[in-house]
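Colleague: The residues making up each chain are set out below.
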Amino acid sequence: MIIIFGIFLLTLLVITALAIVRSESLFAAVILTGIFSLLMAANFFLLDAADVALTEAAIGAGISTVLFLGALALTGEHERGGSTNRLLALGVVTVTTLIVIYATFDKPRMGDPEAPVHQHVGAWYLEKTPELIDIPNAVTAVLGSFRGYDTLGEVFVVLTAGIGVLFLLSARNPGRPEEFPAADELDQGLRHYLVPRVVGRMLIPFIFLFGLYVQFHGDYGPGGGFQAGAIVAASVILYALLEGEARAFRALPMRVLKWLVAGGALLYGAVGVTSMLLGSNFLDYSVLASDPIVGQHIGIILIELGVGITVTGVLLCVFHAFAARGKV
Amino acid sequence: MTMAIDILSWLMLTAGGVFVFIGGVGALRMPNLYTRMHAASLTDTMGAVLVLGGIMLQAGATLATIKLAAILLFLLLTSPTASNALASAAILSGLQPDEGPIKRGAKVE
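Protein chains in written order, with our numbering: chain H, 1 to 328; chain C, 1 to 109.
Treat the hints as calculated values from the structure; they're not laboratory data.
Heads up, none of these hints are tricks.
Distance condition first, Cα-Cα at most 20 angstroms in a straight line; then the derived EDC-like pairs of lysine to aspartate or glutamate:
id, chain 1, residue 1, chain 2, residue 2
1, H, 107, H, 48
2, H, 128, H, 291
3, H, 258, H, 154
4, C, 67, H, 48
5, H, 128, H, 284
6, C, 67, H, 51
Every value quoted in this text rests on a predicted model; they were computed, and no experiment measured them.
With the rest of the complex left out, here is chain H (with noise of 0.2 angstroms):
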């Protein structure tokens, strides 16, 4: 049955594909974007990771529709003539595509016990799980714990990505205007549009809720910092869509945003130095409390916590740096 499902979804997927290629209007490209990360997100909870597509969804089809939309209204609707060397192109698709095909020749057939995946240190972080850190999803205790410098690596990727664009594109200090608002400008966004406005007001202390829920809940089931802070920037640019900018910067003002997307990574890296004061290794969280369990607990939430808050301030001073430039 999973395995039709599977067929079906891939189908889609190329189908959506060769729409993104084929359409010439930009607008409708990004919607099918997100068409295609809510399919691969279908995708990979076929295939069991729910934690994957958990970001996915809330990243890929969620977030990124709306950072596209919003650099669709600094620019045209509509794509530029072909100019480029075609035949190029398509060699180098056909070279790469080939290549590809070759490659999974080699691969191990889908859930196979005996492929190299499952032979290496995964097998291990499984089996250890529940002794050394004891949390029920395992994917929490290998991204927090086993893995606590790689997730490290992976914050300070999105802390730099945000300060880059905020580098390329706000020319001029965002800070400053926003944070006292003259009273018309508080009547921008979508105020005049009842519907989406009553309903979006409604809906945002839930997707609030929703993913502080997927935040703490993250040693449990399918969650964490990544998915939890997409969650929550969400709401916030759902606030801004509706209620206009400068509403948004009224409840998040840029120095607090700023604050957040330093103070995420600092919190991370804090907890590391701590295990390091008190005796033991970088990020190593079993020194935190006197039982060892108890402390890997503490880590991961601490850890799990500084993601989600770089997160959240990473994607609102993009989005917010989108949306300063519209007003130029």
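Put chain C on the given structure of chain H with help from the hints.
Modeller: Same frame as chain H, now just chain C:
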């Protein structure tokens, strides 16, 4: 009792599937945007209610049913809002309801 629930849930799932199918056909074959939206909204309302209701009957009194009910509530709030936003965007961009592009083949005098 389980038999009755199974039959009811089966009926709801099939009817939901039929509504989704009709909505899909309508969205493809209706002549202009507003009538297409009208057909597609069948998927959001009757289709979603019946399919999710059928699954809820299958799940029984569990946490899954509560989650499905939350999804249903969310869909019933968001889909009409999205339709409303789409329709008002179409009106604002100047597409008049009775002057929409007529499908090829169907000539109006």
